[in-house]
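J.: Hey, can you work out the whole structure from these sequences and the hints?
Residue numbers (our numbering), protein chains in the order written: chain A, 1 to 87; chain B, 1001 to 1184.
Warning: the hint list may mix true and false statements.
[Unchecked claim] Below, a list of computed lysine to any residue pairs in the SDA-like style, where the Cα atoms sit at most 20 Å apart:
#1 Lys1131(B) <-> Ile58(A)
#2 Lys46(A) <-> Arg1170(B)
#3 Lys75(A) <-> Lys1135(B)
#4 Lys75(A) <-> Asp1035(B)
#5 Lys1134(B) <-> Gln80(A)
#6 Lys1010(B) <-> Glu77(A)
#7 Lys1052(B) <-> Pro1008(B)
#8 Lys46(A) <-> Thr1173(B)
#9 Lys1134(B) <-> Leu1157(B)
#10 Lys1134(B) <-> Asn1163(B)
#11 Lys1180(B) <-> Arg42(A)
#12 Lys1180(B) <-> Ile57(A)
#13 Lys59(A) <-> Gln1146(B)
#14 Lys1010(B) <-> Phe78(A)
#15 Lys59(A) <-> Lys1046(B)
#16 Lys1134(B) <-> Arg1170(B)
#17 Lys1131(B) <-> Arg1058(B)
#18 Lys71(A) <-> Leu1045(B)
#19 Lys1010(B) <-> Lys1134(B)
#20 Lys1049(B) <-> Gln80(A)
#21 Lys1066(B) <-> Gln1117(B)
#22 Lys1046(B) <-> Met74(A)
#23 Lys1135(B) <-> Asn1155(B)
#24 Lys59(A) <-> Arg1026(B)
#25 Lys24(A) <-> Asn1163(B)
#26 Lys71(A) <-> Arg1058(B)
#27 Lys1135(B) <-> Asn1163(B)
#28 Lys1131(B) <-> Gln1146(B)
[Unchecked claim] From chain B, some residues computed to sit far from chain A (all C-beta separations above 12 Å):
#29 Asp1013
#30 Gly1053
#31 Ala1055
#32 Arg1058
#33 Ile1062
#34 Lys1066
#35 Ile1076
#36 Thr1150
#37 Ile1159
#38 Ile1168
Since the hints were derived computationally from the structure, they do not count as laboratory data. Yeah, the Cβ is synthetic: ideal placement off N, Cα and C, and Gly gets one too.
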Amino acid sequence: MSAKMKIMIPCDEANHVCDKTQYKEANLWEMIILNIHLIYCRACRKYTKNNTKLTNIIKTSNVDCLDDDCKEKMKEEFNQALKEQSI
Amino acid sequence: MPDHKIDPNKWIDLYSDYLFNYTITRVSDREIAQDLVQDTFFAGLKSMKNFKGEASERTWLISILKRKIIDHYRKINSNKGKAEVRMSYNSDTESEGDWLEERVADPFDKTAEDTLQNEELGNAILNCLSKLPKKQAHVFKMKTIQGFETEVICNELNITASNLWVIIHRARTAMADCLKENWF
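T.: Right, dumping it as structure tokens:
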């Protein structure tokens, strides 16, 4: 936060805080400021609503993906097989 | 009819997450799922000549993967099924269950419908993810699905924190737009 504590923040800042809240990385002051902003800003209310929905949807879907390490390993082995194939 | 081409060099980048997600809902074990996906890629490579180009690559790979999953269940069943002593709690249909709990429907139990919807949703998310630019998709995946800390991602990809948040913001907006049509 900047040295002087502002009560009113611009929309881009509010969206940034909103993104952070989705990952539980915003602090208390930021969340208060965000909520004050949401009182008077309709566009940001909409963005926050959609953003929260997105987080919930991803949580409920249990999407899973491979981590990079084993993907790399897979790629290596696969490329080897690919070479053998082409020979 | 558009003819689909086959290009194994990009398989892992393009389809591994989709295939993995497909597998994990069916075998519910990361290690096994990973092995099955890898097997699928190898099998696909071997039978590349049989690819007629009627379906997309992904559909074709999924059909191989389906076989692999079935084979996997056959294998574990043949070893275990013989050694296992099957006990049925309700041998005669007349008697009530030994425990009352067994006879009551569990409202928190997931029905087939729920899991089906979950799977479709998962596929929809991955589809949308594949439409994002590569870097955005990568960061979004690391942050949201794998749940890495901000610092870890920054260090690994060599970007600043504010840079990361901008990428996340763009990815989230795009994802919300993409999912809005069907799932919001």
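J.: It remains to establish, for every hint, whether it holds in the given structure.
T.: Hints and how they fare:
Proximity of Lys1131(B) to Ile58(A) is assessed by CA-CA distance (about 16 Å); at most 20 Å being required, the pair is judged to hold. Our distance criterion of 20 Å between C-alpha atoms is met by Lys46(A) and Arg1170(B), whose separation comes to about 16 Å. A distance of roughly 19 Å separates the Cα atoms of Lys75(A) and Lys1135(B); the hinted pair therefore holds under the 20 Å criterion. With a C-alpha separation of about 13 Å, the suggested pair Lys75(A) and Asp1035(B) falls inside the 20 Å cut-off, and the hint holds.
For the given pair, Lys1134(B) sits about 25 Å from Gln80(A) by alpha-carbon distance, which is inconsistent with the 20 Å threshold. Taking the CA atoms of Lys1010(B) and Glu77(A), the gap is near 14 Å; set against the 20 Å cutoff, the hint holds. Annotation: proposed proximity of Lys1052(B) to Pro1008(B) holds, straight-line Cα distance about 15 Å (limit 20 Å). Proposed proximity of Lys46(A) and Thr1173(B) is supported: the alpha carbons are some 12 Å apart, at most 20 Å.
Restraint check: the Cα-Cα separation between Lys1134(B) and Leu1157(B) comes to about 13 Å, which is no more than 20 Å; the hinted pair holds. Only pairs whose Cα atoms come within 20 Å are accepted, and Lys1134(B) paired with Asn1163(B) is accepted, the gap being roughly 15 Å. For a cut-off of 20 Å, the pair hint linking Lys1180(B) to Arg42(A) stands: about 19 Å separates their Cα positions. For the given pair, Lys1180(B) sits about 11 Å from Ile57(A) by alpha-carbon distance, which is consistent with the 20 Å threshold.
Restraint check for Lys59(A) and Gln1146(B): the C-alpha separation of about 11 Å stays at or below 20 Å, so the hint holds. Distance restraint check for Lys1010(B) and Phe78(A): the Cα-Cα separation of roughly 11 Å lies within the 20 Å cut-off, and the hinted pair is therefore satisfied. At most 20 Å may separate the alpha-carbon atoms for a hinted pair to count; Lys59(A) and Lys1046(B) exceed this at roughly 37 Å. Proposed proximity of Lys1134(B) and Arg1170(B) is supported: the alpha carbons are some 12 Å apart, at most 20 Å.
Between Lys1131(B) and Arg1058(B) the alpha-carbon distance is near 15 Å, which keeps this suggested pair within the 20 Å criterion. Note on Lys71(A) and Leu1045(B): the hinted pairing holds, with a Cα-Cα distance of about 17 Å set against a maximum of 20 Å. Simply put, Lys1010(B) and Lys1134(B) have alpha-carbon atoms about 13 Å apart, close enough for the 20 Å limit, and the pair holds. For the hint linking Lys1049(B) to Gln80(A), the alpha-carbon distance of about 19 Å falls within 20 Å, and the restraint holds.
At roughly 19 Å between alpha-carbon atoms, Lys1066(B) and Gln1117(B) fall within 20 Å of each other, so this suggested pair holds. For the proposed pair Lys1046(B) and Met74(A), the alpha carbon gap of about 16 Å is at most 20 Å, so the pair holds. Straight-line distance between C-alpha atoms of Lys1135(B) and Asn1155(B) comes to about 15 Å, which keeps the hinted pair within the 20 Å bound. The hinted pair formed by Lys59(A) and Arg1026(B) meets the criterion: a straight-line CA distance of about 18 Å does not exceed 20 Å.
With a C-alpha separation of about 18 Å, the suggested pair Lys24(A) and Asn1163(B) falls inside the 20 Å cut-off, and the hint holds. The hinted pair formed by Lys71(A) and Arg1058(B) meets the criterion: a straight-line CA distance of about 17 Å does not exceed 20 Å. Using a Cα cut-off of 20 Å, the hinted pair Lys1135(B) and Asn1163(B) holds, with the two alpha carbons roughly 12 Å apart. A C-alpha spacing of about 19 Å is found between Lys1131(B) and Gln1146(B), which places the hinted pair at or below 20 Å, so the restraint holds.
Distance check on Asp1013(B): its Cβ comes as close as 8 Å (rounded) to a Cβ of chain A, failing to clear the 12 Å threshold; non-interface status is violated. Its beta-carbon lying about 19 Å from the closest one in chain A, Gly1053(B) satisfies the requirement of being farther than 12 Å from that chain. Every C-beta of chain A lies more than 12 Å from that of Ala1055(B), the closest at about 21 Å, which supports listing it as non-interface. With a least CB separation of 15 Å from chain A, Arg1058(B) remains clear of the 12 Å interface cut-off, as annotated.
With a minimum CB-CB distance of about 16 Å to chain A, Ile1062(B) clears the 12 Å threshold, and the non-interface call stands. For Lys1066(B), the non-interface assignment is confirmed: its Cβ lies about 18 Å from the closest Cβ of chain A, beyond the 12 Å cut-off. Consistency note on Ile1076(B): stated as away from chain A, and its beta-carbon is indeed over 12 Å from all of that chain's, at 21 Å minimum. A cut-off of 12 Å between C-beta atoms contradicts the statement that Thr1150(B) is not in contact with chain A; the least separation is 7 Å.
At roughly 15 Å from the closest C-beta of chain A, the C-beta of Ile1159(B) stays outside 12 Å, upholding its exclusion from the interface. In this structure Ile1168(B) is not separated from chain A by more than 12 Å, as the shortest Cβ-Cβ distance comes to only about 6 Å.
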